[in-house]
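Listed here are the chains, written in short residue letters.
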Amino acid sequence: MKKNADIPQLIASITKVMTAIIAIEHGNLKDKVKISQEAVLAEGSSIYLIENEWMSLEDLLYGLMLRSGNDAAIAIAEHIGGSVEGFVYLMNEKATWLGLEQSSFANPHGLDAKDHYSTSKDIARLMRYAMENATFAEINQTKTYLSESRTYHWHNKNKLLTNYYQYTIGGKTGYTKAAGRTLVSVAEKDETQLIAVTINDPNDWFDHMRLYEWGFEQAGQLDLVTYAEINDDNQPTFIESVYYYLKKMVGL
Amino acid sequence: MKKQIYNQVGLAILIIFASIINVKPVEAKPMVSAEQAILIDQESGIILYEKKCGYSTVDCKYH
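As they're listed, the protein sequences go chains A and Y. So for the first sequence, the working numbering puts the first residue at 1; every next one is plus one. So for the second sequence, the working numbering puts the first residue at 1001; every next one is plus one.
Simulated from the structure, these hints should not be mistaken for lab results. Heads up, the beta-carbon is just placed ideally off N, CA and C, and yes, glycines get one too. Check before you lean on any hint, since a few could be wrong.
As the list claims (entries may be wrong) - Here are some chain A residues the structure puts well away from chain Y; computed CB gaps all over 10 Å:
#1 N133
#2 Y152
#3 H155
#4 Y212
#5 A219
To be verified - Distance condition first, Cα-Cα at most 30 Å in a straight line; then the derived DSS-like pairs of lysine-lysine:
#6 A:K177 to Y:K1029
#7 Y:K1029 to A:K157
#8 A:K114 to A:K94
#9 A:K189 to Y:K1002
#10 A:K159 to Y:K1029
Let the sequences and hints guide you as you build the complete structure.
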């Protein structure tokens, strides 16, 4: 591993950003999905699926992203990938394609596993990619949702979106005892969109708000310290960075 | 190696350019209690803030 590289860590349910974008890209939202016993028996957060019931892929995606349903993650994986293992293969293929060099996926829900890890930088890159998909962005910014097969609403667990920070336009929470609290979020102010990721952060709501307040102050300014830190192959080139900042300065 | 040299030269030009147009100084970065944290610009992908632990000799709890 290169010097000063990120250390891959457990990431818990922010994994579901990858699950959702793959499902959106490979599936039809109107597909009806039959819920398996394996999905129903998934540990952790749940949308209380019932074995053999049918639910649309669209509803499962809302259950996945708003309620962090692990049962929804398994059902989606089985539908899109043919099996959980098949879907995990797609996840790792997508990670490779996106250049997420320090990420590995072992399941679609993010529960702790030896070969399931990522870094804050890789998750930020993943979220940046996912937010370019209009369907993902729409689901991701939904505060409450009523499934056609339920009589009660699902409320988004992302409190930055629902309560704390008015500029939030999306995000995904995560928690396991081993991973700690994980959070990826997106905020927009004055036509600038920022993405924040924290891993193992007991104060994640507060920290994301502080990062955004600071980040929006910096946005549009020529941040030399920041530029000095941009030196790996996946970052914009120097010319791209200068063009970007000049564009911001003249208000384009 | 070649890319690094280009980046260094580019950075020097950028500093000169910034000093000419009198850019506002960078404000103090926020302290974050996360083990890893990052803030990026969605449009450009530029990293505005990053905290990573593991190889640092300083306390990683706060940055």
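So, going through the hints one by one against the coordinates:
no.: 1; hint: N133; in the structure: holds (13 Å)
no.: 2; hint: Y152; in the structure: holds (33 Å)
no.: 3; hint: H155; in the structure: holds (25 Å)
no.: 4; hint: Y212; in the structure: violated (8 Å)
no.: 5; hint: A219; in the structure: violated (7 Å)
no.: 6; hint: A:K177 to Y:K1029; in the structure: holds (29 Å)
no.: 7; hint: Y:K1029 to A:K157; in the structure: holds (28 Å)
no.: 8; hint: A:K114 to A:K94; in the structure: holds (19 Å)
no.: 9; hint: A:K189 to Y:K1002; in the structure: violated (38 Å)
no.: 10; hint: A:K159 to Y:K1029; in the structure: holds (24 Å)
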